[in-house]
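If you read the sequences in order, they're chains A and B. Using this note's numbering, read the first sequence as starting at 1 and increasing by one per residue. Using this note's numbering, read the second sequence as starting at 1 and increasing by one per residue.
There may be inaccurate statements among the hints.
[Claimed, not checked] Calculated lysine to any residue pairs in the SDA-like style (CA-CA distance at most 25 Å, straight line):
| hint | chain 1 | residue 1 | chain 2 | residue 2 |
| --- | --- | --- | --- | --- |
| 1 | B | Lys79 | A | Gln299 |
| 2 | B | Lys433 | B | Leu404 |
| 3 | A | Lys308 | B | Ala374 |
| 4 | A | Lys191 | A | Phe398 |
| 5 | A | Lys225 | B | Ile476 |
| 6 | A | Lys301 | A | Leu39 |
| 7 | B | Lys163 | B | Asn212 |
| 8 | B | Lys192 | A | Lys273 |
| 9 | B | Lys433 | B | Gly282 |
| 10 | B | Lys121 | B | Leu166 |
| 11 | A | Lys225 | A | Phe205 |
| 12 | A | Lys308 | B | Ile108 |
| 13 | A | Lys226 | B | Leu166 |
| 14 | A | Lys112 | A | Met43 |
| 15 | B | Lys121 | A | Met43 |
| 16 | B | Lys213 | A | Ser251 |
| 17 | B | Lys518 | A | Asn254 |
| 18 | A | Lys273 | B | Asn212 |
| 19 | A | Lys308 | B | Ile116 |
| 20 | A | Lys189 | A | Ile406 |
| 21 | B | Lys215 | A | Asn254 |
For the record, the hints were derived by calculation from the structure and aren't laboratory data.
Residues per chain, in single letters:
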Amino acid sequence: MKNYLQTGKKLLGVLAISAALFGTAQAEDTIKVGVLHSLSGTMAISETTLKDTMLMLIDEQNKKGGLLGKKLEPVVVDPASNWPLFAEKARELLTKDKVSAIFGCWTSVSRKSVLPVIEELNGILFYPVQYEGEESSKNVFYTGAAPNQQAIPAVDYLMNDLKVKRWVLAGTDYVYPRTTNKILEAYLKAKGVAKKDIMINYTPFGHSDWQSIVADIKKFGSAGKKTAVVSTINGDANVPFYKELGNQGVSAENIPVVAFSVGEEELSGIDTKPLVGHLAAWNYFMSIDTTKNAEFIKQWKDYIKNPKRVTNDPMEAHYIGFNMWVKAVEKAGTTDPDAVQKAMIGIEYPNLTGGVSKMLPNHHITKPVLIGEIQDDGQFVTVWQTNKLVDGDAWSDFLPESKPIIADWTAPINCGNFNTKTKKCSGQNY
Amino acid sequence: MNFFSITRYGLASLMLCVALSAHGEPKTLNTPLLEALTAIKQGSMTQREQAINSLVELKNPRSLVILQALLSGKLFICKDDDKLVIGEPNEQTYQIRDAIDDAPLAPINAEQVSKINLTNKLRSQLRKIIGELELNAEQADTRLAAVKAMNQDIDERMLELLKTRLAIEPDARVKQAIENSLLLQKVDSVDKNERIKAIEQLKTQANLSVVNKLKSLIEKDSDGQFAEADSDIRNLAEAALAKINTQLQVYSAIETVFFGLSLGAVLVLSAIGLAITFGVMGVINMAHGELMMIGAYTTYVIQQILPNQLGLSVILAIPAAFVIAGLVGIAIERGIIRFLYGRPLETLLATFGISLFLQQTVRSIFSPLNRSVATPEWMSGSWQINDFLSLTWNRFYILIFCLLVFVLLLQILKHTRLGLEVRAVAQNRRMAKAMGIPTARVDAMTFGLGSGIAGVAGVALSQITNVGPNLGQSYIVDSFMVVVFGGVGNLLGTLVAGFSLGIANKFLEPFAGAVLAKILVLIFIILFIQKRPRGLFPQKGRAADS
Numbered sequence: 001m002k003n004y005l006q007t008g009k010k011l012l013g014v015l016a017i018s019a020a021l022f023g024t025a026q027a028e029d030t031i032k033v034g035v036l037h038s039l040s041g042t043m044a045i046s047e048t049t050l051k052d053t054m055l056m057l058i059d060e061q062n063k064k065g066g067l068l069g070k071k072l073e074p075v076v077v078d079p080a081s082n083w084p085l086f087a088e089k090a091r092e093l094l095t096k097d098k099v100s101a102i103f104g105c106w107t108s109v110s111r112k113s114v115l116p117v118i119e120e121l122n123g124i125l126f127y128p129v130q131y132e133g134e135e136s137s138k139n140v141f142y143t144g145a146a147p148n149q150q151a152i153p154a155v156d157y158l159m160n161d162l163k164v165k166r167w168v169l170a171g172t173d174y175v176y177p178r179t180t181n182k183i184l185e186a187y188l189k190a191k192g193v194a195k196k197d198i199m200i201n202y203t204p205f206g207h208s209d210w211q212s213i214v215a216d217i218k219k220f221g222s223a224g225k226k227t228a229v230v231s232t233i234n235g236d237a238n239v240p241f242y243k244e245l246g247n248q249g250v251s252a253e254n255i256p257v258v259a260f261s262v263g264e265e266e267l268s269g270i271d272t273k274p275l276v277g278h279l280a281a282w283n284y285f286m287s288i289d290t291t292k293n294a295e296f297i298k299q300w301k302d303y304i305k306n307p308k309r310v311t312n313d314p315m316e317a318h319y320i321g322f323n324m325w326v327k328a329v330e331k332a333g334t335t336d337p338d339a340v341q342k343a344m345i346g347i348e349y350p351n352l353t354g355g356v357s358k359m360l361p362n363h364h365i366t367k368p369v370l371i372g373e374i375q376d377d378g379q380f381v382t383v384w385q386t387n388k389l390v391d392g393d394a395w396s397d398f399l400p401e402s403k404p405i406i407a408d409w410t411a412p413i414n415c416g417n418f419n420t421k422t423k424k425c426s427g428q429n430y
Numbered sequence: 001m002n003f004f005s006i007t008r009y010g011l012a013s014l015m016l017c018v019a020l021s022a023h024g025e026p027k028t029l030n031t032p033l034l035e036a037l038t039a040i041k042q043g044s045m046t047q048r049e050q051a052i053n054s055l056v057e058l059k060n061p062r063s064l065v066i067l068q069a070l071l072s073g074k075l076f077i078c079k080d081d082d083k084l085v086i087g088e089p090n091e092q093t094y095q096i097r098d099a100i101d102d103a104p105l106a107p108i109n110a111e112q113v114s115k116i117n118l119t120n121k122l123r124s125q126l127r128k129i130i131g132e133l134e135l136n137a138e139q140a141d142t143r144l145a146a147v148k149a150m151n152q153d154i155d156e157r158m159l160e161l162l163k164t165r166l167a168i169e170p171d172a173r174v175k176q177a178i179e180n181s182l183l184l185q186k187v188d189s190v191d192k193n194e195r196i197k198a199i200e201q202l203k204t205q206a207n208l209s210v211v212n213k214l215k216s217l218i219e220k221d222s223d224g225q226f227a228e229a230d231s232d233i234r235n236l237a238e239a240a241l242a243k244i245n246t247q248l249q250v251y252s253a254i255e256t257v258f259f260g261l262s263l264g265a266v267l268v269l270s271a272i273g274l275a276i277t278f279g280v281m282g283v284i285n286m287a288h289g290e291l292m293m294i295g296a297y298t299t300y301v302i303q304q305i306l307p308n309q310l311g312l313s314v315i316l317a318i319p320a321a322f323v324i325a326g327l328v329g330i331a332i333e334r335g336i337i338r339f340l341y342g343r344p345l346e347t348l349l350a351t352f353g354i355s356l357f358l359q360q361t362v363r364s365i366f367s368p369l370n371r372s373v374a375t376p377e378w379m380s381g382s383w384q385i386n387d388f389l390s391l392t393w394n395r396f397y398i399l400i401f402c403l404l405v406f407v408l409l410l411q412i413l414k415h416t417r418l419g420l421e422v423r424a425v426a427q428n429r430r431m432a433k434a435m436g437i438p439t440a441r442v443d444a445m446t447f448g449l450g451s452g453i454a455g456v457a458g459v460a461l462s463q464i465t466n467v468g469p470n471l472g473q474s475y476i477v478d479s480f481m482v483v484v485f486g487g488v489g490n491l492l493g494t495l496v497a498g499f500s501l502g503i504a505n506k507f508l509e510p511f512a513g514a515v516l517a518k519i520l521v522l523i524f525i526i527l528f529i530q531k532r533p534r535g536l537f538p539q540k541g542r543a544a545d546s
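Bound-form chain B, shown alone (with noise of 0.2 Å):
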């Protein structure tokens, strides 16, 4: 209570000393800014909005720093001495400015600031007079997004502010946006020629809010009352929306065959670990899917140890988790599947209890609550290539990865001398024990392999679904529907395979639904199975007969 009155009034007297002293620098410090900042410490989300409001109005220079600083959630209040400050986090640290006057402060504890909360209306409040006050910014991107966020609701005035840019714009696509936005307000003008000029120009524009203003020119209202009365007007719309309509069908078609790709490349990436485990060696290997969870759980690791460097860690976790699920694959092999070769069903359930023994022991050292892995900056967000077609990064980076790893084993087994003795003794064991081939060695390499790869799987599968002790039991099902499918001891069926059927389920899912379209693509393969036991590509030779 009494440390509380101490603060209090030391800000009190705090406050009377910047207030006097801003008679000496009228320009940076004055009672008005004080009395915002004060207000906008204030708990209640209304005051907040107030202070927002009365800060814009000050024009005061650092308003805007201010209101940046407060959007993007680097506002705090330190608790010690109630003073607002600028910080940047750095490690446990935060770099802290004083945000009245800019001073660099000492660093401080994450402990000791509490940051200044939002509500999505005060953020969008924010962005909104961000972008009034960052439209005449240097750099011409801002100045573009700046009229992205004003076009979202915008007003006379806005209009006017628009129209005074445009004169002075010198950069040509910011020019557009303007000319963009000002050509949809006249779309609403009321001198027809000009409406129809106006949309005569828009046609050739495909983006969001064009095609929004256009599709609201032919909607019915809820009586069945065209929205718009002049028929002329409607039809043009129509027309130009039609011509919309066909660009539209082919980007939706493009994003469409990205996801299916994007899917089959975690199919892909899951099953091709036991493309070789089981379908070069013939082990029903059920641990399959926990051999990913260690991988997954790698990179959890590795990102414990480098906390800041979150793209160099999923980097390193890639050999990593080779390493590692690769060893204990070995370990499996040696230990246990290699009293059991020639045994599918004791080898089905030895494996089925080293998975549900794997899982238990990550639980037992990582807790059973799923573990979060962050994902790096340039694996998030998306790539916008135009209003209607985005695609992911984490989900570009992995098909990339895939077809990488892909081709990096393909190599693997047809020009190193592993691959060699691998497809050897795939093909016969005893000719090649025979020739000299150390065929129990060779037998806990491809094992080994094999496990490295889908710990190599896990870690992209942490960047996408939870890191868990559950993560492998959700693959493996559809790790073993890959390889079937494709034909057993044929990679490149896995990977046909796998891109075939993450197509067929995205192509699928908009008409029967997610839980239906998984129920098809699996009927489907029984039927297919019934057909071609083989799969697609099925072995061919004496070593398929056998």
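Okay, chain A solo, but in the shape it has when bound (with noise of 0.2 Å):
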């Protein structure tokens, strides 16, 4: 009896020790979070908040005590708005750092470039800013606007609430405002409009003389017709644009504006004089009154301390996109790409707006959609929203050539490129 007594007490000493040891090794062990955004060269404006955020958002995880029980570790990587970088360092990332998820690119073409990539390591992306669609990878998560959840209800807005007959189509010409274009152009001539009453301009990355084109829009928008302008202009020739506009005397009455890159964090380092009555289409400001919001937005000017820093709609798509990969880790118990692809389709959190966002089949979530008009203290005041969250739709039903094609990563389809009318899948045929 005493035998046996000795040795459970040493079977148990064992025990407790090997315990202890395992115990002592799996603290160390920790879940690595890659942020991918960069911090110099033109990008790092909008960027280098992004990358705030995200570790923000990873200390607030840590101090809730992390995820399945270990800590949450940002591996931080600067591909200086540089395209090809951005491919090799989520090669980086995934290769060296063994990182779990990636959060980051900004602009369309550093996500075209970290794509294959991404795919052929099996890795997770989570990507923050509205962008064009007709897209739809196994392996990222679009959290930012598909065009249907941002262009399409904006034109909605101009046409039915203020009766807008004349479009002017304005956009930096690069790979966003040219594919967006040409779906509101289709788009806009379903609905009835002419031809004649479409105007579409693009300019240079950083256009500064704006005078003749907007002596045009102010010509095309005299003919008696309301007239506005989309625009996708992008980076810092707004400026410009809304001072040549506001010095040739085009008002937001006359001639409306709605832009869908100009943000909160934009209007931040710019005289907003001119830009007063403008629109802008996202699915988050944050001039929104929710409880949520106000804890969001108290808890980043404690972390940034600096009372004066703005929150913006890709931070708020980061939020959504980190914890909804939170909650899909601890659904499926385990980091591993393929359980938490999986885990995350039907995933839900509630956004900063009020809504309950969710995670679609086509890796693209429900967004309310918000029109905001820009004050002189550089906030939005809503001024129209959809009643309920839309639906990102990845490949557009205005475009001929995508209207039969459909995105959805749960069996039997699991292709992100199903066309519906041949039943067959595409593959990586973006």
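Fit chain to chain and form the complex, with the hints in mind.
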């Protein structure tokens, strides 16, 4: 009996020691999260904020006790606004650092550059920015708006509420504006707008001499029909554009400009006087009055230690994306990419505007669409919003070639590019 | 929470007091006005809209004042006592007056008031309402604006208002504007003779509403049917439009030339400093753009120092930018370039390094974000010559400024001792040295002069584009293009080249689009340089051959 007890004690001791050892080994083990945002170069202005947002979210999650009993560890790399470097850094994150998920990219071209790498190595990327659609990858979760969650509702608002009859589609000359404008043009024509009532204009990045374009818009808009400008102008070219509009006497009341790339962050660095009354379409505004949003803003200001900093739409997208990922990992009980990808679909998480966003089988999420007017303090007043959340549509229904295509990452289709007519999956042919 | 209920309670009792005292003075204070004003404070825009309407119906003398304040963004709520006030910003504080009884109140901090926001719908509604109320205003200009505001969307009631005003209107311009509005309405009347008469009369007045009216007469609807059934009226309208159109074409040509000149002025301003350092001294200075950036940031800093004197700060920035950019230029020349004379490749690399260094310095000091430089009042807006031709003030001033800088620079080079020495050194360095000219000092001064002018160009650029670390990069290629096209070493060539490239660009833009227009101009210059490598105005004589 005594012997037995002794052995039992010894066994217990061994067990305890091994448990302790195992425990410390567990505590040292972390889950790595990659942050792939440019911290230098032209995109640094927008992307640095997202890097800080990610660090804040990870920090917050660790305070709550981490994930699966492990701490989260951010791995920040700088792709320096250099598109090929995005692919290299993504490879480094996946092979060297072995991160469980990557949160990153801003421009469409950077996402397209990362895409083959992330598919080859079967990683997970959360992409937080509004984009042109026409894509759905097994390895990418799109938490920003698809065209039907931003551009199309904005046009609907102008058409129905402001009775706009003539349209100027102005954009910077690259893939996002060109694809968006192609979709919008097809949409407008389907709504019975004549070709002569649509004016399309492209300008280079950083364009600063807007005189003749604004004069053209003014002439186009003075034909007695209500005119609006749908602007996919990106980056700092917006400042001289709005300045010139103001100088040439084009006011928001005569010719409103609805922008898809001008948010709180962009407005914080400029003289907002000439912009007052112009519109922007997003899925989140800092001015939204909900308790969740107030908490988020406070958390952000405390974290960044600057009461003047603003929050914006892509930040909310990361907030939703990160929390969805946390929930999916908890549900799957592992960070294994295949399990997490499967678990992600159907995950719901409350967004900051009062609704509950859901991850759809096409890897896009449901979002509300808000239209706001710019005020002189750089904030937006919401003038219109959808009464329910809108499902993100990967392939636009307004382009004839992508109309029959759907994306569905659940069985039995399991394809990002499935043609419902021919019943064929075109694989990675975006 | 407690505080809240106290303020609520305070407000209620305040309202009660006011309501009670309203019996005493029914003219200035009354309950409906207060009710309307309470509604205006609510967050929802529909409530605000209703409040505006009830304010109008009240016909209270304060209504107009309050609505005007609302439209110009001067109506605030005090956060402490929830009082509605009209405020004028004054440095960090606001001079406020009570919105209801106009009593002056103690100035208040900007953070303590919140502005009542408006949307476009409310704004245009307000403008129309105020237009109606202002139709009988004292100043003729206010009345003119009121008539024009009403023109946007006219109805029967407004027509009556206009007719009654016409009878008593003393000012000729306002009278004409009203007559014009009435004529436009007559085009739609039932009597054909009246319509013809109206069109005949309108033909002589080229303004926007006339053109739109005439256009609407000859337009086809979606089924290919004319909107206007009467073919006589249609033909008449077409003839009238044709006459106006020739006039419009002239205006549009003038406008394009102005756009071209103003783009040219920017090109000349940014190239002229380079014309000295590259053209006269032969230094390929890749940091030229960054010297412009320094000038632009100087404007920003001066504006930060004098936040309430926008106009003065821009004017002060001109000499300041000249001195600072000039000193930086002299430092670059003395520190680096003077060791590299005669080695263009090394100079190019070294100055490229300097440009990166300067950019990063600015990033570290001012952050990578763009800084906003405000435009003074007299430089914003446009000079409205008529409905179809308006020239923007900022571009206009920059054009004038560019010509002034150019003339001044030419005078310096022609009539001062420094200018004489610069030209002597440029023509024959060794001979100049032999004549006792301190060539090293002259080099530094010349480089400083060129850099200073780049700084001055930066002041002008700060008014039309973003002030950020990348400002210089976007202008460096254009600057070299202008100098090479104009002929290296020839200032007049730079001027001619800048203006002609600007105008060519603007004439191409409507047909080719902004991207293609720029490419076409570049291709043209490449071909031109193939044919005439020395540019438009090549230097002649022995100096040119060496």
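request  = Measure nothing beyond the straight line between the CA atoms of Lys308 (chain A) and Ile116 (chain B); if it is 25 Å or shorter, mark the hint as holding.
outcome  = holds (21 Å)
ask   = Given the hint that Lys308 (chain A) pairs with Ile108 (chain B), does the C-alpha gap stay at or below 25 Å?
value = holds (21 Å)
request  = Could you grab the alpha-carbon distance between Lys191 (chain A) and Phe398 (chain A) and see if it respects the 25 Å cut-off?
outcome  = Distance of about 11 Å is within 25 Å: holds.
query = Is Lys225 (chain A) close enough to Phe205 (chain A), meaning Cα to Cα at most 25 Å?
reply = Violated, because 30 Å separates the two Cα atoms, which is more than 25 Å.
inquiry  = Can you confirm whether the C-alpha distance between Lys213 (chain B) and Ser251 (chain A) stays at or below 25 Å?
reply    = holds (22 Å)
message = Check whether the Cα positions of Lys79 (chain B) and Gln299 (chain A) lie no farther apart than 25 Å.
response = holds (24 Å)
ask   = Do the alpha carbons of Lys518 (chain B) and Asn254 (chain A) lie within 25 Å of each other, as the hint requires?
value = Distance ~30 Å between Lys518 (chain B) and Asn254 (chain A) Cα, so the pair is violated.
query = Do the alpha carbons of Lys121 (chain B) and Met43 (chain A) lie within 25 Å of each other, as the hint requires?
reply = Measuring from Cα to Cα gives roughly 35 Å; hence the hint is violated.
request  = Decide if the proposed pair is consistent with the structure: Lys225 (chain A) and Ile476 (chain B), CA atoms, cutoff 25 Å inclusive.
outcome  = violated (42 Å)
request  = Could you grab the alpha-carbon distance between Lys301 (chain A) and Leu39 (chain A) and see if it respects the 25 Å cut-off?
outcome  = Between Lys301 (chain A) and Leu39 (chain A) the Cα gap is close to 20 Å, so the pair holds against 25 Å.
25 Å Cα cutoff - pair Lys273 (chain A), Asn212 (chain B) = violated (30 Å)
message = Against the 25 Å threshold, does the CA-CA distance of Lys226 (chain A) and Leu166 (chain B) hold or violate the hint?
response = Violated, at about 29 Å.
Of the numbered hints stated above, those contradicted by the structure are hints 2, 5, 8, 10, 11, 13, 15, 17, 18, listed in ascending order.
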